[in-house]
Amino acid sequence: MFKSKKSNSPKQARLPKKVVPQGWLGFLQALPMQNVAVETGQEKEGLLPLTVKVDRPRWLVPPLSWVLPVSRRRTLKLDPIGRGIWSACDGKIRVEQIVEDFAKRQALSFHEARIAVTQYLEVLVQRGLVVLIFEEEAKRS
Amino acid sequence: MELQETIWRGIQLHLPASWELLLFSKQEMKGSITFADRYRYRLQVSWQKMNAEPYLKRMVDDYIQSVRSEKPEGLVRRSDSHDWRGVRHEAVSGSVSRHLRYFRSAELLLEVVEPLAEAPCEPLALESLLPGISPCAPADAGRWKAFGMDLRVGPDRELSRCEVHPGLARMEFTGDHGIIESFSRRGMLSTWLKGSPGEWLELSAGLTLKDCRKDVSSLYGHEIHSLRADYVKKPSGEWRSRPHRYAANAWICPKDGRLFQHEIHAPKRKRMAEEPAQGSLSCCHQISNTLSHV
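Residue numbers (the working numbering), protein chains in the order written: chain A, 1 to 141; chain B, 1 to 294.
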């Protein structure tokens with residue numbers, strides 16, 4: 001943007017050197033893959049429960065663990081839209097393709113679909129249900 | 001290359017149809033909008049209101065000098081085109097183009113930046129796009145065209161809010177005397193729309209509406225649901241509630257498949273010329289052409 005110290009005086013206008021931030025190509029090229037340890041439950045009221053075992057928190061040691069009922073399993077219920085994204089995470093389809101399919105299915109623009117899918121994948125990754133394989137990792141493996 | 005028209009803050013842009021508006025400023029005096037293709041940001045257009053023409057030549061010279069002193073390894077050259085003063089900085093990491101032009105009639109300085117190319121992308125002929133970037137004609141004052149909506153607002157309206165989420169674009173304008181006018185376009189209807197747009201209008205108002213008057217009209221394949229009602233609201237900064245009027249139109253565009261909504265909240269004491277005017281929100285080319293003639 002133009003830097004202008006106080007007023008709109010033309011003498012003070014300067015061209016800045018900052019350039020707009022770069023893209024999201026790396027993420028689009030990633031391969032999402034389901035965690036094989038995830039257990040799929042019985043679908044109920046259109047929601048599909050997925051359960052994954054989680055590590056015991058470091059602070060959860062006896063005698064605290066004897067009294068605090070902290071579950072070692074985490075469940076996330078997927079709605080039909082989420083299920084579509086989850087089922088596409090097979091380690092072969094790139095995020096870009098998932099976004100494209102989602103955009104077609106929901107009649108959204110590419111970037112609308114990209115943001116929706118990206119946010120959803122972030123949740124799945126945070127919950128340990130999905131891992132993302134990036135290009136360098138894929139080459140290495 | 002198919003071009004698509006975008007109008008934002010009185011600036012008209014004809015850019016490739018595959019580019020989407022991803023970043024925007026709401027301010028009138030100074031701001032920018034950024035377009036992206038599928039993989040990266042492609043173009044940033046910045047504006048600044050200036051009551052006098054700036055020394056564009058000096059600005060460009062200063063920029064070239066500072067780039068040369070800071071990054072001597074790159075090649076910096078002038079690339080003036082179509083009344084735009086430009087600079088192109090080429091380096092191993094990529095290139096950046098900047099073009100500047102002052103529009104005296106609109107008292108507007110525009111800068112077009114083609115950001116640093118990092119990812120592989122189709123080559124951009126920026127010079128061919130520059131003539132398509134200019135302030136709007138006076139007849140198009142108050143017109144906005146973005147996020148699939150083509151809308152017109154009165155001269156007293158100011159863009160106060162703009163939210164864009166997957167499947168939802170909403171622009172809110174505030175006018176004199178506490179009038180709020182908003183336009184929205186909503187997608188993914190199968191997941192949330194239960195019933196008709198008319199029923200949804202009543203629910204989405206989120207108000208205790210009185211004296212509701214509903215109507216449905218058909219216009220060139222578009223079934224337009226309208227709702228007029230009264231409600232009581234306590235304006236911020238006031239100690240007592242005041243009667244307000246709510247007027248809204250909603251329809252599903254058969255071509256686009258999305259729900260369009262135009263609503264106005266206005267204090268009742270004002271004479272109710274504040275009705276969603278036909279043609280102030282257009283969803284598709286067909287309705288845009290027809291409504292403008294109604």
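Mixed in with the good hints there might be a few duds.
Okay, derived cross-link-like pairs now, BS3-like style, lysine-lysine, Cα gap no bigger than 30 Å in a straight line [what the hints assert, rightly or not]:
| no. | chain 1 | residue 1 | chain 2 | residue 2 |
| --- | --- | --- | --- | --- |
| 1 | B | Lys194 | A | Lys104 |
| 2 | B | Lys194 | A | Lys44 |
| 3 | A | Lys77 | B | Lys194 |
| 4 | A | Lys104 | B | Lys145 |
Read the hints as simulated data drawn from the structure, not as lab findings.
Item checked: Indices of hints not satisfied (ascending) -> none
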